[in-house]
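Enquirer: Letter by letter, the chains look like this.
Protein chains: 2
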Amino acid sequence: MRLSERGRTIQASPIRKFKPYADQAMAQGIKVYFLNIGDPDIPTPRVVAEAFHAYEDEVLNYGPAQGFLELREAIADYFRSYNIDLKADNVIITVGGSEAIFFAFCVVADPGDEIIIPEPFYTNYNGFASYAALKIIPLTLRAEDGYHLPPAREIEKLITPRTRAIVLCSPNNPTGTVYSREELEEVIFLARKHDLFLIGDEVYKEFVYDGLSHVSLLEFDEAKDRVIVADSISKRFSCCGARIGAVMTRNEEVYQALLRFAQARLCPPTVEQRAALAAYRLGRSYFEPIRREYQKRRDILYEGLIQIPGVILHKPQGAFYVNVKLPIDDGDKFVFWLLTEFRMNGETVMVAPGSGFYATPGKGKDEVRLAYVLKEKHLRRALELFRVALENYPGRRH
Amino acid sequence: MRLSERGRTIQASPIRKFKPYADQAMAQGIKVYFLNIGDPDIPTPRVVAEAFHAYEDEVLNYGPAQGFLELREAIADYFRSYNIDLKADNVIITVGGSEAIFFAFCVVADPGDEIIIPEPFYTNYNGFASYAALKIIPLTLRAEDGYHLPPAREIEKLITPRTRAIVLCSPNNPTGTVYSREELEEVIFLARKHDLFLIGDEVYKEFVYDGLSHVSLLEFDEAKDRVIVADSISKRFSCCGARIGAVMTRNEEVYQALLRFAQARLCPPTVEQRAALAAYRLGRSYFEPIRREYQKRRDILYEGLIQIPGVILHKPQGAFYVNVKLPIDDGDKFVFWLLTEFRMNGETVMVAPGSGFYATPGKGKDEVRLAYVLKEKHLRRALELFRVALENYPGRRH
Chain G
172 MRLSERGRTI
182 QASPIRKFKP
192 YADQAMAQGI
202 KVYFLNIGDP
212 DIPTPRVVAE
222 AFHAYEDEVL
232 NYGPAQGFLE
242 LREAIADYFR
252 SYNIDLKADN
262 VIITVGGSEA
272 IFFAFCVVAD
282 PGDEIIIPEP
292 FYTNYNGFAS
302 YAALKIIPLT
312 LRAEDGYHLP
322 PAREIEKLIT
332 PRTRAIVLCS
342 PNNPTGTVYS
352 REELEEVIFL
362 ARKHDLFLIG
372 DEVYKEFVYD
382 GLSHVSLLEF
392 DEAKDRVIVA
402 DSISKRFSCC
412 GARIGAVMTR
422 NEEVYQALLR
432 FAQARLCPPT
442 VEQRAALAAY
452 RLGRSYFEPI
462 RREYQKRRDI
472 LYEGLIQIPG
482 VILHKPQGAF
492 YVNVKLPIDD
502 GDKFVFWLLT
512 EFRMNGETVM
522 VAPGSGFYAT
532 PGKGKDEVRL
542 AYVLKEKHLR
552 RALELFRVAL
562 ENYPGRRH
Chain P
172 MRLSERGRTI
182 QASPIRKFKP
192 YADQAMAQGI
202 KVYFLNIGDP
212 DIPTPRVVAE
222 AFHAYEDEVL
232 NYGPAQGFLE
242 LREAIADYFR
252 SYNIDLKADN
262 VIITVGGSEA
272 IFFAFCVVAD
282 PGDEIIIPEP
292 FYTNYNGFAS
302 YAALKIIPLT
312 LRAEDGYHLP
322 PAREIEKLIT
332 PRTRAIVLCS
342 PNNPTGTVYS
352 REELEEVIFL
362 ARKHDLFLIG
372 DEVYKEFVYD
382 GLSHVSLLEF
392 DEAKDRVIVA
402 DSISKRFSCC
412 GARIGAVMTR
422 NEEVYQALLR
432 FAQARLCPPT
442 VEQRAALAAY
452 RLGRSYFEPI
462 RREYQKRRDI
472 LYEGLIQIPG
482 VILHKPQGAF
492 YVNVKLPIDD
502 GDKFVFWLLT
512 EFRMNGETVM
522 VAPGSGFYAT
532 PGKGKDEVRL
542 AYVLKEKHLR
552 RALELFRVAL
562 ENYPGRRH
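Going down the list, the sequences are from chains G and P.
Under our numbering, the first residue of the first sequence carries the number 172, and numbering increases by one thereafter.
Under our numbering, the first residue of the second sequence carries the number 172, and numbering increases by one thereafter.
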């Protein structure tokens with residue numbers, strides 16, 4: 172049987188494809204430190220469990236396609252607390268940020284259309300591009316520039332008659348870069364000039380360090396009609412397994428189209444929406460100690476990594492990832508070796524190989540992404556394992 | 172801003188698009204009987220609530236992309252109890268049956284490819300075809316034939332070089348028809364002859380009446396490599412709001428492709444998978460009284476409807492829908508009128524207009540779908556309202 176082209180070519184997740192080897196290692200009694208996936212270890216707020224405990228419906232019914240009004244209102248309130256002018260009717264609840272991105276892709280582009288994404292980028296965009304049969308045009312960024320955006324004229328070279336949108340993820344996964352207001356203004360200028368949509372992936376909004384603050388695409392009134400933003404509670408409230416996100420726009424026609432996409436899949440999970448509502452009601456102050464904890468971890472990881480000879484990285488300003496260049500032959504081989512061969516006192520460490528975060532063939536082969544989602548003690552141990560592993564890796568380049 | 176073509180053309184759900192008018196009627200104090208949507212009123216098994224109550228994880232983490240092994244095993248066991256040879260490694264847990272269908276569409280077909288679906292069909296296939304940019308080729312069935320399939324040579328006329336799959340929903344939504352083993356064998360013969368995939372939507376598997384039993388596409392060893400089946404707990408356990416389904420195949424290459432599609436969106440909801448596991452552990456006997464209840468409702472609705480002059484229908488053998496032809500100008504107008512004008516003792520009834528269940532333009536305009544998801548007393552009242560409404564509808568044809 173011949174599968175579809177996308178069925179044959181859709182990327183295996185570089186974050187997850189090595190999981191079976193990690194499972195094997197654990198089955199052998201090896202302790203694995205997981206720096207490969209952004210699944211936070213910060214306790215989920217207790218109100219989430221309480222929302223599950225309060226479930227007493229006689230029937231677990233469908234909810235509205237766009238999500239429950241109370242939750243959409245709570246999200247709009249939350250964004251208004253950041254001086255973003257948003258109403259419940261600008262918000263559709265989605266099944267995680269994943270679905271938000273996918274719906275946004277579908278609404279702006281048809282098969283074969285192009286969307287420009289700075290690379291390295293969140294690897295699952297590749298999957299959503301396969302879902303929607305779009306073409307990702309990578310805008311290659313450089314570690315030396317801290318993965319900041321190049322001038323508008325550089326981005327403009329990538330625009331063709333088929334370009335439909337530019338995707339900006341800030342704070343960025345996997346680089347940790349936070350785009351400045353000026354950078355965003357340059358891109359907005361381009362989007363207006365070429366009549367493009369702007370898709371913002373802002374799920375790490377609160378994860379900004381060193382006193383910086385996140386600038387949302389939703390703050391720009393001049394781009395109001397062309398901005399679609401994906402959001403999620405996964406990282407904000409350590410709720411990855413709840414699968415609650417949101418897609419937001421102030422363009423009414425886009426909203427109605429997103430709503431029809433939402434109707435086709437009926438609704439997001441009912442009980443998790445109540446849990447999300449309870450989490451939003453905690454207010455913004457809930458997040459401050461968590462931000463401080465992540466900043467501390469960022470510092471530990473960064474300070475540790477820059478002391479390892481041959482490791483090239485920039486200091487991330489946000490999210491909870493760092494993308495590093497290593498003196499190695501191939502990130503995939505390195506990760507495979509970590510899981511199947513490298514052991515130190517019965518322990519090893521897992522990271523995500525970098526090539527999957529690039530669309531340009533060959534790029535990122537000597538890079539890996541590390542997520543700082545472990546407590547200080549474990550993070551320090553994982554770092555030590557990583558250092559020793561890198562020294563002893565047979566594919567190390569000298 | 173120019174939206175994508177699919178953004179502009181994706182169908183508004185005929186099941187849900189009139190919901191705002193129903194909400195308005197209810198806000199005016201009108202009681203609305205909902206026969207428009209297949210959201211069962213049968214109590215969800217208590218073990219589902221108990222699974223929510225037992226949630227005590229410190230962090231609500233991601234689960235595996237393919238779903239938890241225990242649940243996949245429970246589902247395989249369940250199907251084996253129907254003499255279907257299925258293993259946990261043939262099952263991927265999805266976000267509802269919706270995602271199962273969408274992933275199946277993506278794996279078999281690329282944009283512009285064709286899939287043949289007997290019409291009337293579950294309207295949301297239109298939405299998934301927009302997601303995946305496929306072309307649905309309708310095979311028009313007739314009420315007079317009880318919406319059974321025509322001979323293979325009739326279906327064959329629709330096959331072109333771009334045909335990639337045939338979708339069979341049995342027990343059928345919206346017709347209630349249950350395909351016989353012989354009907355399925357004819358289609359399998361065609362699929363083998365033209366090397367097509369077969370996608371089975373079998374989410375109403377247990378809902379078969381009059382002593383009939385459901386035949387699954389998974390039962391045919393000769394089609395083992397070409398069959399992909401979508402399943403869901405939504406109807407089986409009255410768990411529509413849980414968003415737990417499954418996609419199943421014994422073709423290993425197809426399985427691996429489905430898994431990569433699943434990886435891109437990370438995982439299905441974590442806690443609901445535990446709830447689903449608890450429900451599956453109830454065993455098949457759980458469903459028997461529910462089947463009897465639905466059969467009773469089917470009889471009430473059918474007996475009531477055939478007595479209304481001008482109503483044409485066949486007796487459904489499964490699922491919980493009946494598709495009826497009415498002496499009306501336009502199903503959309505009829506539903507709008509039911510919600511905004513028709514009232515009897517402060518009550519009205521809502522149904523789903525038929526045209527959305529057809530891909531052929533103009534078809535189904537004088538049809539509506541009714542779901543028998545109400546308790547006997549309410550169903551009888553809804554039927555009475557429907558009868559009187561139809562008599563008094565200004566767009567009635569004489």
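Hints were generated in silico from the structure; no laboratory data involved.
As the structure is a computational prediction, the values presented were derived from the model and not from experiment.
Check each hint, because a few of them may be wrong.
Because identical chains cannot be distinguished in the list, a pair is counted as satisfied if it fits within a single copy or across any two copies.
The calculated lysine to any residue pairs, modelled on SDA-like cross-linking and capped at a C-alpha distance of 20 angstroms, are [what the hints assert, rightly or not]:
#: 1; residue 1: 188; residue 2: 423
#: 2; residue 1: 306; residue 2: 283
#: 3; residue 1: 328; residue 2: 356
#: 4; residue 1: 190; residue 2: 260
#: 5; residue 1: 306; residue 2: 282
#: 6; residue 1: 190; residue 2: 232
#: 7; residue 1: 306; residue 2: 240
#: 8; residue 1: 504; residue 2: 565
#: 9; residue 1: 258; residue 2: 353
#: 10; residue 1: 395; residue 2: 252
#: 11; residue 1: 188; residue 2: 474
#: 12; residue 1: 306; residue 2: 176
#: 13; residue 1: 188; residue 2: 319
#: 14; residue 1: 188; residue 2: 233
Enquirer: Next, verify each hint and record whether it holds.
Expert: Results for each hint:
no., hint, result
1, 188 x 423, "between (39 angstroms within a copy, 16 angstroms between copies)"
2, 306 x 283, "both (6 angstroms within a copy, 16 angstroms between copies)"
3, 328 x 356, "within (18 angstroms within a copy, 56 angstroms between copies)"
4, 190 x 260, "between (40 angstroms within a copy, 16 angstroms between copies)"
5, 306 x 282, "both (8 angstroms within a copy, 13 angstroms between copies)"
6, 190 x 232, "between (34 angstroms within a copy, 15 angstroms between copies)"
7, 306 x 240, "neither (35 angstroms within a copy, 34 angstroms between copies)"
8, 504 x 565, "within (10 angstroms within a copy, 72 angstroms between copies)"
9, 258 x 353, "neither (26 angstroms within a copy, 55 angstroms between copies)"
10, 395 x 252, "within (18 angstroms within a copy, 55 angstroms between copies)"
11, 188 x 474, "neither (29 angstroms within a copy, 55 angstroms between copies)"
12, 306 x 176, "both (13 angstroms within a copy, 16 angstroms between copies)"
13, 188 x 319, "neither (29 angstroms within a copy, 44 angstroms between copies)"
14, 188 x 233, "between (33 angstroms within a copy, 15 angstroms between copies)"
Violated hints, in rising order: 7, 9, 11 and 13; the structure is consistent with all others.
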